[in-house]
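Chemist: Turn these sequences into a full structure, and let the hints guide you.
Single-letter residue listing:
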Amino acid sequence: MTVIDPRIHQVLDGELAPEAVPAELRRTVAQLAAAADLLAALPPGATASLESRVMAAIRRPAPSRARRVLRWLVTPHAIILRVRPAWSVAFAAVVAALTLFTAGPEGPELAEHEGIAQFVGRFPEAQSVHAVGTFNDWRSGSIALEDQDHDGVWRATVVLPTGTYEYMFVVDGERWVPDHLAERLVADDFGRENSIVIVRPAGR
Amino acid sequence: MDVRGAPSDAEVVALVLAGDTEAFGFVIRRYEAGLLRFATRMLGSRDAAADAVAESFVRAYRHLASCREPARLRTWLYRIVTNRCKSHLVRRSVADVSLDDAPPVADPADTEAALERADQLLLVKRALAELSPDKREAFVLKHVEGLSYEEMAAVTGERIPTLKMRVHRAREALLKVLEDHA
Chain A
1 MTVIDPRIHQ
11 VLDGELAPEA
21 VPAELRRTVA
31 QLAAAADLLA
41 ALPPGATASL
51 ESRVMAAIRR
61 PAPSRARRVL
71 RWLVTPHAII
81 LRVRPAWSVA
91 FAAVVAALTL
101 FTAGPEGPEL
111 AEHEGIAQFV
121 GRFPEAQSVH
131 AVGTFNDWRS
141 GSIALEDQDH
151 DGVWRATVVL
161 PTGTYEYMFV
171 VDGERWVPDH
181 LAERLVADDF
191 GRENSIVIVR
201 PAGR
Chain B
1 MDVRGAPSDA
11 EVVALVLAGD
21 TEAFGFVIRR
31 YEAGLLRFAT
41 RMLGSRDAAA
51 DAVAESFVRA
61 YRHLASCREP
71 ARLRTWLYRI
81 VTNRCKSHLV
91 RRSVADVSLD
101 DAPPVADPAD
111 TEAALERADQ
121 LLLVKRALAE
131 LSPDKREAFV
141 LKHVEGLSYE
151 EMAAVTGERI
161 PTLKMRVHRA
171 REALLKVLED
181 HA
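Here the protein sequences come in this chain order: A and B.
Each residue of the first sequence is one higher than the one before, starting from 1 at the first, in this note's numbering.
Each residue of the second sequence is one higher than the one before, starting from 1 at the first, in this note's numbering.
Since the hints were derived computationally from the structure, they do not count as laboratory data.
A virtual CB, placed ideally from N, CA and C, is assigned to each residue, including glycine.
Any given hint could turn out to be false.
[Said to hold, decoys possible] Simulated restraints, written as ranges between beta carbons of each label pair:
#, chain 1, residue 1, chain 2, residue 2, range
1, B, D47, A, Q148, 43 to 53 Å
2, B, A10, A, L185, 26 to 36 Å
3, B, L122, A, A111, 19 to 29 Å
4, B, A18, A, Q127, 29 to 39 Å
5, B, A10, A, D13, 50 to 60 Å
6, A, D5, B, Q120, 14 to 24 Å
7, A, T164, B, A18, 31 to 41 Å
8, A, V3, B, A6, 25 to 35 Å
9, A, V177, B, L122, 16 to 26 Å
10, B, L15, A, G163, 34 to 44 Å
11, A, P22, B, L122, 22 to 32 Å
[Unchecked claim] Which residues of chain B face chain A? A partial, calculated answer using Cβ under 7 Å:
#, residue
12, R41
13, V124
14, E172
Modeler: Printed below as a string of structure tokens:
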């Protein structure tokens, strides 16, 4: 490693005027500045515009309503039933019988590479909460959490391909907040934190 | 609006967030050259750089609402591209850094000065490729992109003394290569 006279760094950092250093040091300053100039000039054709490529990706329409409905129909959803205590024993027996006779020995119909992810967050003042992340290309809208009993706790249960995903909650369509109860958090590209959810194969 | 009539970054961000998708074209046209140059010097490959910058623009568009200081959009974009480049480099060893924008085979019509300049560029790029990604990033942000240390701190999340030290080490490594080949 060549040790540089500190005054050269000072000149290059704008802390010292070039005239304040001896001529031989100015030559080294010029040598390094020339190297940087070479790097700053890309050869012709190196900067072909990305505009059309990027704008095409941005303009790509969101899935149609029919497609969203189809996706909703094929995606398992949690269904909560409220039953009077008097009926609960009979209802449980019926559910158990249906489960025994209709479900195979493998349990719920999940593919081998799928698992269940649960998203839960407490947002008492929120009007809407969505989970966005690497599982839905950070597009808001596809996974809506629900607060059915209006206690401020929003929930969603979805089936996702197994894997590790980064995600955040989007509250009221504009506020992005990490889920601090997530399995872990990682720094994202924007200097903040994303939550991590690991979706494991069902039944394991 | 600046004196030439082009909207400011803050105005463009406001337009896009209000639903004017096409206004994002201003952002691309304004910053792609610098971002592509930075990514090319970081990754040593024009194709990889174009992918990294294009992905970064798409991410920036989708997360534009989370840009807290639209007036400092440039710094925010560099931060996204910097992280894209780091992710790319993690998947690839430094030895793989290509020199695919190396000068073409000598053409008889080229002047001696142009050939010398091309040789010098190849030398500088090799020296740059041998630096650690952190030092390379610091040197390119400082001397190729012309960012201040304050802006570099905002882009990288590092402290200014750390960045200064990296730039100084990068200069020393670069100078050694230049002197060895003088």
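Chemist: Each hint: holds or not?
Modeler: Cross-check of the supplied hints:
1. B/D47 with A/Q148: 43 to 53 Å: The hint (43 to 53 Å, Cβ to Cβ) holds, given that B/D47 and A/Q148 are roughly 50 Å apart.
2. B/A10 with A/L185: 26 to 36 Å: holds (30 Å)
3. B/L122 with A/A111: 19 to 29 Å: At 52 Å between Cβs, range violated.
4. B/A18 with A/Q127: 29 to 39 Å: violated (20 Å)
5. B/A10 with A/D13: 50 to 60 Å: violated (30 Å)
6. A/D5 with B/Q120: 14 to 24 Å: Once the Cβ atoms are compared, 23 Å apart, the range 14 to 24 Å for B/Q120 and A/D5 holds.
7. A/T164 with B/A18: 31 to 41 Å: At roughly 35 Å between Cβ atoms, B/A18 and A/T164 fall inside 31 to 41 Å, so the hint holds.
8. A/V3 with B/A6: 25 to 35 Å: About 46 Å separates the Cβ atoms of A/V3 and B/A6, which means 25 to 35 Å is violated.
9. A/V177 with B/L122: 16 to 26 Å: violated (48 Å)
10. B/L15 with A/G163: 34 to 44 Å: holds (36 Å)
11. A/P22 with B/L122: 22 to 32 Å: holds (31 Å)
12. R41: holds (6 Å)
13. V124: Because about 5 Å separates B/V124 from the closest Cβ in chain A, which is inside the 7 Å limit, the hint holds.
14. E172: OK, holds: B/E172 within 7 Å of chain A, min 5 Å.
When the structure is compared with the earlier hints, violations turn up for hints 3, 4, 5, 8, 9 and for no others.
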